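Engineer: The lines below spell out each chain.
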Amino acid sequence: MTLLITIIAAVITTLIWYSSEKARELKVSMLVFMFWGASLMWLVDAAVEFIEIRAEYFTPAAADMLNDSFLGLSVIALALVIWVVALLIKDPKHVIAARLQGKSNS
Amino acid sequence: MACFIVPATEAVVTTIVTKIVEMKEKDKLTETGTVEVSEKKTGFSRKLKWLNGLLWGGSALLAFEHLWHGEITPFFPFLTAASNPADAAEMLHEMATSGVAMAVLVTLVWGGMVLASTLIEKKSVSPKKSTEV
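Each protein sequence line maps, in turn, to chains A and B. Going by numbering that gives the first Met the number 0, 8 is the number at position 9 of the first sequence; the sequence numbering is gapless. Going by numbering that gives the first Met the number 0, 92 is the number at position 93 of the second sequence; the sequence numbering is gapless.
It is worth saying that the hints were derived from the structure and are not from the lab. None of these values were measured; they are calculated from a predicted model. Mixed in with the good hints there might be a few duds.
[Stated by the list, open to error] No more than 20 Å apart at the CA atoms, straight line, and that leaves these computed lysine to aspartate or glutamate pairs for DMTMM-like:
#1 B/K46 <-> B/E120
#2 B/K40 <-> B/E30
#3 B/K48 <-> A/D44
#4 B/K46 <-> A/D44
Could you build all of it, start to finish, from the sequences and the hints given here?
Structural biologist: This is the structure in structure tokens:
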């Protein structure tokens, strides 16, 4: 479930990056790399688990599914927080710099 | 258990390599002044940054997953599996199998991205064949 949620997030962010110039300016590529990187790594985990337990892999217990879904959403939240912090630090549109300069001038 | 350590280690190495390549590209640019060529082609340092993004991003999210499952602790030895020899052996086995497979898969995908971008660049740089007779 975590893998599935991360892949969906990776596809959505890739489409946003591809279609929007503004998104590219806001460094959405960072999210794209994070989600694809994690998806590839969890894909290996899933393959290893599938080799070990075979068809049982596709019938997880409800509690495990719920926990994995919660983890998947938390992963997305964490990635978004990392992206926002990086965006504010890099300040590609110089919004923060302008605000700070405006404050110091007044 | 600690499979993310392998791609994270690769990320450290590729980040250092990226810095070195970046410096070399800058030196080359100031020596030859080949601005036109660098504008048309994506520098190798930029392509390496794609790999860094995949490795660092993936490792960070996987580290969070390990924290979620209680496999990482904020105190020494930081990995719960490292506290006893039996678990440590299992952890090392997982790093050698899953961890290496993760690093290899991410690197292979990046290789595909580099190949695709090189082909696209070549296509856009080469003059179009005239269809007129």
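Engineer: Which of the listed hints are not met by the structure?
Structural biologist: 3, 4
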